[in-house]
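Number of protein chains: 2
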Amino acid sequence: MASPGLLVQKFGGTSVADVERIGHVARRVVATAETGKRVCVVVSAMGDTTDELLALSARVARAPHPRELDMLLSAGERISMALLAMAIEEQGRRAVSFTGGQAGIVTDTLHGKARIVHIKARRLREALDAGRICIVAGFQGVSTEDDDTTLGRGGSDMTAVALAAALGADGCEILTDVEGVYTADPRIVREARKLATLSFEEMLELAASGAGVLMPRSVEVARTHGVPIHVRSSFTDAEGTWIGQEVAVTDGMEQPIVSAVAHDTSEAKVTVGGVPDRPGIAARLFRPLADAGINIDMIVQNVSAEGVTDISFTLPKSDLARARPLLAEVREALGAEALSEDDGIGKVTLVGAGMKTHPGVAADMFDALADAGINIQIISTSPIRISCVVRATDLERAVQAVHDRFGMAEASSVREELASS
Amino acid sequence: MASPGLLVQKFGGTSVADVERIGHVARRVVATAETGKRVCVVVSAMGDTTDELLALSARVARAPHPRELDMLLSAGERISMALLAMAIEEQGRRAVSFTGGQAGIVTDTLHGKARIVHIKARRLREALDAGRICIVAGFQGVSTEDDDTTLGRGGSDMTAVALAAALGADGCEILTDVEGVYTADPRIVREARKLATLSFEEMLELAASGAGVLMPRSVEVARTHGVPIHVRSSFTDAEGTWIGQEVAVTDGMEQPIVSAVAHDTSEAKVTVGGVPDRPGIAARLFRPLADAGINIDMIVQNVSAEGVTDISFTLPKSDLARARPLLAEVREALGAEALSEDDGIGKVTLVGAGMKTHPGVAADMFDALADAGINIQIISTSPIRISCVVRATDLERAVQAVHDRFGMAEASSVREELASS
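So the protein lines, in turn, are chains F and Y.
With the working numbering as the guide, the letters of the first sequence map in order to residues 37 to 457.
With the working numbering as the guide, the letters of the second sequence map in order to residues 37 to 457.
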């Protein structure tokens, strides 16, 4: 007899913020199990627990030891997962909770941002095969040195996707406080529309461009292992957004040209001015930043005039303080004339798998911004993405203008446009 | 080179109730380490954390699964121990925290009241030998089936004493919110005096008779392994009460006849009246209670009259509800005439290792109670203990009367009395 289908369901902190919501999640999980599926649930810490624990640690130590911070933070999921297991048992189904370590999630020793090395899912498999609903602590694992570790931001999604891959699940539901992935942030674009489907590649670009719903790491793992993700609301039964292989996603219908607009205000722009334009300049400029683990995003180099050039690039605002002394040194070494920074910028990004075969999308986007009187500072593109840096004060208008220009509020109109092109 | 001395220090929940107190404990631990000793700290959950977690669990399930309850509760020490380790590192000493499982505390699978099977202290020893201050979660272990377990009431003391035994520590300090063991509860007897020393046997009898400062289980383990215990305040540097082998305790001076008075209101009295006085009656009465895990404390059987007798005994009030149906069945089976229960009783207990060689102590105690007009319902004795059940409303006066009669407020007077006898 073949094993029944297996589903991984991940509930975020908002979905288990109090005992009433935990009761609601328990009913939802039981309802899924009643359909005959085996269910493995991944759960975050309740509400603001993680932030509260971080605040406590900040009160006892200026720079808490990363190992001890992980020990502290991992208490959060322990509480939510045990309560959820109890609540499910209260409804008459057998449930059992597992810490990251007990679930066999083995990580490296990089406390605070550990990476999963492998998953020994034997205990989970046995419990699932015995008809138990398994509750696994998100965000945590045990290191190769037998210490508790946490996986960093978005770690619970990573746990869910990695477990779905290890267990050979049919899919991974990410249940959250939004109804899915939207064509733009509904707080900015009132007529933003929930997307029914997205390819892994599109979701990766959106996630990397500021769409907070999923972290790029989890999407990468899902793509590598072919795990379909369903992002949906934990508060309603409405279908959310399916993220999967392109073929499966388009489901027989034509691929829309563009899918969504993302925006991001987490980066700052640095400009190194009056740099002698010699080969190797870029390497000398960016090597020290790379060595310090600082991710550079967009880079633009002006056309050289009289043997000197300007180089601008963006980096996370949170890395600015660490980057400053490195940049001052490099400026000295390169003999650059000026060094300036600007944290008043924002990035608007258009993503769509259909762009690959439809030239002119970039031009339409630039037009839309120009018509709205918005100046573009830096441009960066990939086969399925166009990003523009604009003034932070122009960002919301930029998102709205791009959303309007591509008629993203109506799913059909995009398809019609495609059909007529 | 011989290893430096090793001390286990246990801090209860009140001592780590907030970040300020955790900072205070950190300074105290560092001060101990500065004397050159290796230090292993055992810590309870912060303040009311355990009760708060229990309250949460009661809101999601009527009868939470014991395994999940242990998973939940073990989060408490995880928080306090990580914060304490951070606070110690902040003061410039290396510290590392260990869960019960990481500390090698292996238990049986009786969730909620697990017993320690053995301790694999390799990780702790290595860390201590490397000069680290070790912080271990009290109250918890990992079962032989690799699940998190808790050790039940007084579990953190048990962790401390068992670790002291496993590590071959010089002693085990129990740092708490009282200054030591007193001749009586200072809330009842204003002139109660802190005891400098007590034998394991005396402490065992006191602990079993309602003195809340230590649980009998921990004292038994300390006695078996010869681990001296020092009960003292975590808020002052004052010497507390040393508990050890009798010879070491008396320290060359004469043993006082009596040491302390304990009292207890946690038990109820049951009387089975008009029982046919045949051999085997007691066994038939108490077997079902024993099989249900209900501990019977004091038993008294009246002298038989006309072939029937009354049997009275005490048991924990918390077991009364479970005992009732069993007793009703037994009454039926035995053909007893009456069954009554009384939860308005209290027990006053006098403990002293010197009693063994000094007859007449029991008579003096009965005299003291008679002079105070207090009726004795049940009496039970051991070589170093006399317990009397009285009306609960008489209990405080009984404690005071016994304390007065034996002049326990003055340490010297007891010794003088002994010298003149």
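Just so you know, these hints were derived from the structure itself, not from any lab.
Remember, predicted model here, so these are calculated numbers, not experimental data.
One thing to keep in mind: the hints can contain errors.
[Claimed, not checked] Ranges between beta-carbon positions, derived for each pair:
1. T145/Y <-> E275/F: 40 to 46 Å
2. K149/F <-> R98/Y: 19 to 25 Å
3. R159/Y <-> T393/F: 35 to 41 Å
4. T71/Y <-> D165/F: 42 to 48 Å
5. E282/Y <-> D165/F: 55 to 61 Å
6. E368/Y <-> G167/F: 37 to 43 Å
7. K353/Y <-> D165/F: 41 to 47 Å
8. D165/F <-> R98/Y: 27 to 33 Å
9. R98/Y <-> A408/F: 44 to 50 Å
10. R159/Y <-> A326/F: 34 to 40 Å
11. D165/F <-> G329/Y: 56 to 62 Å
[Stated by the list, open to error] Coverage of chain F stretches by chain Y, computed from C-beta distances (three or more under 8 Å per stretch; other residues unrestricted):
12. 91-104
13. 361-373
[Said to hold, decoys possible] Sample of chain Y residues lacking proximity to chain F, with all beta carbon distances greater than 12 Å (derived):
14. E70
15. T135
16. I155
17. A173
18. D183
19. G204
Even glycine gets a Cβ: it sits at the ideal position worked out from N, Cα and C.
Practice task
Mind listing which of the numbered hints don't hold for this structure, in increasing order?
Solution key: 2, 3, 4, 9, 11, 13, 15, 17 and 18
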